[in-house]
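Sequences listed follow chains A and B, in order. For the first sequence, the numbering used here begins at 1 and goes up steadily by one. For the second sequence, the numbering used here begins at 1001 and goes up steadily by one.
No lab work stands behind these hints, which were simulated from the structure alone. If you're wondering where the values come from, they're calculated on a predicted model, not measured in any experiment. Keep in mind that the hints are not guaranteed to be accurate.
What the hints assert, rightly or not - To give a feel for the contact side, a few chain B residues facing chain A, derived at Cβ under 8 Å:
#1 1055
#2 1064
#3 1066
#4 1128
#5 1129
#6 1180
#7 1182
To be verified - Computed spacing ranges between beta-carbons, pair by pair:
#8 B:1128 with A:182: 37 to 43 Å
#9 A:163 with B:1087: 51 to 57 Å
#10 B:1087 with A:154: 55 to 61 Å
#11 A:495 with B:1014: 29 to 35 Å
#12 A:482 with B:1126: 19 to 25 Å
#13 A:162 with B:1229: 44 to 50 Å
#14 B:1082 with A:158: 52 to 58 Å
#15 A:283 with B:1187: 26 to 32 Å
#16 A:397 with B:1126: 49 to 55 Å
#17 B:1081 with A:283: 46 to 52 Å
Where is the CB? At the ideal position from N, CA and C, for every residue including glycine.
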Amino acid sequence: MATPIDLHEVAERELEDQARYPWRIKACGSTACQSAGAGASISTLESEVVAVGLSDSVRVMSTGCMGLCSRGPLVRVLRRGGEETMYQSVDRDVAVDIVGAVAGRGEVADANRIDRHIPFFTRQHRVVLANAGIIDPDRLASAVAHGAYSALEKAITTMTPDQVVEAIKASGLRGRGGAGYPVGAKWSLLAGASSDQKYVIANGDEGDPGAYMDRTVMEDDPHRVIEGLAIAAYATGATRGYIYVRAEYPKAVERLDRAIRAARRSRLLGRKVLGSDFDFEVQVRIGAGAFVCGEETALIASIEGRRGNPRLRPPYPTESGLFGMPSMINNVETLANIPAIVSKGANWFSSIGTDRSTGTKVFALAGDLTNTGLIEVPMGISLREIVEDMGGGVPDGKVFKAAQTGGPSGGCIPTQFMDTSVDYESLRELGSIMGSGGLIVMDEDTSMPEVARFFMEFCMDESCGKCVPCRAGTVQLHGLLDRICSGEGRPGDLGLLEELCTVVRETSLCGLGQSAPNPVVSTLHYFRDEYESLLQEAAHA
Amino acid sequence: MPEVRRSIAITIDDTEIDAYEGESILQAARRFGIKIPSMCYLEGLSVWGACRICVVEVAGQHQPRPACATLVVEDMEVRTNTARLQSHRRTILELLFAEGNHVCAVCVSNGNCELQDRAVEAGMDHVRFDYRNPLRPVDATHPKYVFDPNRCIVCTRCVRVCDEIEGAHVWDVASRGHQAHLVTELGQPWGRSSSCTWCGKCVASCPTGALFYQGSAVGESVHAPDLVARLVAARRDHEWFPPVESPTSPNEQNGDDR
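Chain A on its own, in the form it takes in the complex (with noise of 0.2 Å):
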């Protein structure tokens, strides 16, 4: 058996390895880099650096995501002491003048220069995506260079389950997957279940739409989710986790696994991690593309092998999860919390946000805005300082109309709640949710109804078909949506679409159905007139 490995080493090889380096460039490979041409821009920056005989003094690394991901492909040069530039678009001819103004030979034009003091950049507070477009993900050495297990061997070496458990209490930090349950309670109900064997499982199906928080971490940042698992098994009592990933993020599925190989290799995970008495083993499992399999019930007969049909809750998977054992479901991005929380501390945590909704939240900024990509806010920022600010707000002299958070289960933030502090209770207040952490924003050229028929549509054709109410309430409430924008509305519509809505939410199974009906709930309550006005042209065609 190979001996555990020795984190403080391998962090000063590494580091020490890179400072041998005058000059690096760090591209990022993440899947929107990659679909805007990041491939080939790597690939020319390599043989650039080569060619121009400066291999032994400029290191090319392929990092994660930098988050203004509408102007990839992107790429940071950083100077051994401190000077550091980006680039935006980078192909191939932007590549050679990258590799050719380090060689001291002319010139990236202006045009492909990002300016790092934009509030895109310095709103940000990053402890989720603190390593994402630093560290190379498919090096393990690269990530403990950046404090990767520390947070493990902490909690393994100086602290108990409870201890790990009271600390995650005390941080205050919420379930990121959108209902924003307490995680510490969570904790402490798996950590009191007594089993033989119990399990902890990562969800990675995230599926809104627009919405990539979590594959970004699972790219970029993989030992961080699985270092956050292995920490909750330790504090929990659980042997064996699950890493659940949606079939649509094979880079993710691919990068996890060679990092569960990689801390495996080094005692990481497997028997006595760490040299400790604490056994912990992972798999990644992979979901068959259902969006109703991020429902934890339904993610649970996904993992054992069975059709992804949510259950009846209670029993809640602490008591009978997986294979009948108690089990945890933390989403990625909560997972991804834990080793800073541990590390530095509950206070240290609690501190950013605010009272009830501590830390940070990803979003995923889309729509209407200048700059789209992915930012790490702390809790509490407005609504006006993500969407003007850091997103430079709407482009092309357009207004601001609303903002959708939340996705197929969420709400519409219409312009006057504009300085709404972004946290779980505010938002539920204006009839939206926090949700994973998708959000879009619409200028005065959207059609809310039309809004709400597109989140219908997602979930009539995501639901599972068990319960009546979501399956054929779903169908009939797209099809009053459908009738509705086309200019086909009858009179009565809005009444029948409004109490169809109440039965959907107050009678179907799981989550899905109960919420599907938000969307159309929200819009009807702030942009009514709209309804109104394309039932009257329909009355008067």
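We have chain A; now place chain B onto it with these hints.
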């Protein structure tokens, strides 16, 4: 030996009753003759909790709860028939009628149909939603039975009875959402099934006219929804008298069973 069960006092519609620990609201209510309408629930099978017809109001809880899947708790106060519940049930029934092709006048189960009975009880005399009129091919390949998915409400009683009581597991649900539908043998025609034992429990348990004997005419199909409960009780107590009767097919009645 009869097990000793702790009794739990609950109130259903202002009537105080002694429920058993571990019992659902629906089971307790039925023992005391309080009627809560249901569709996917069938005594003797596992609880599915999907039709949502049996939803009841529990004091202190905002959302209605399915009576079949909610266990009794001491001092629980349950309402089974408020105006809100009646309205929700009617709407859910309307959704079911609009979803499939439920035409009572030409149905083998006309007069012996739980969907029809629930609709009559709920006062559902019209459907406010657009009928979807789906195209669903009938499977009449089995020598003894017919599956007409047009009348299927995906309650999965057939799936459960075949898996849990007969142990054959011929039936499954395929696809999801509004495309969810029942299949035999993972999508093979029923007539080619090598695991079907021809026991007829699925037909006996079906609440609508979706499963019936070959040769049945309008109104001729009679189900035996209590068959499963009697079988389970007989297996548990090892008491097989009076004999458990299977529903008979029209052909058997005519003496020419194939």
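- Item | Earlier hints that do not hold, by number | Hint 7 alone not satisfied by this model.
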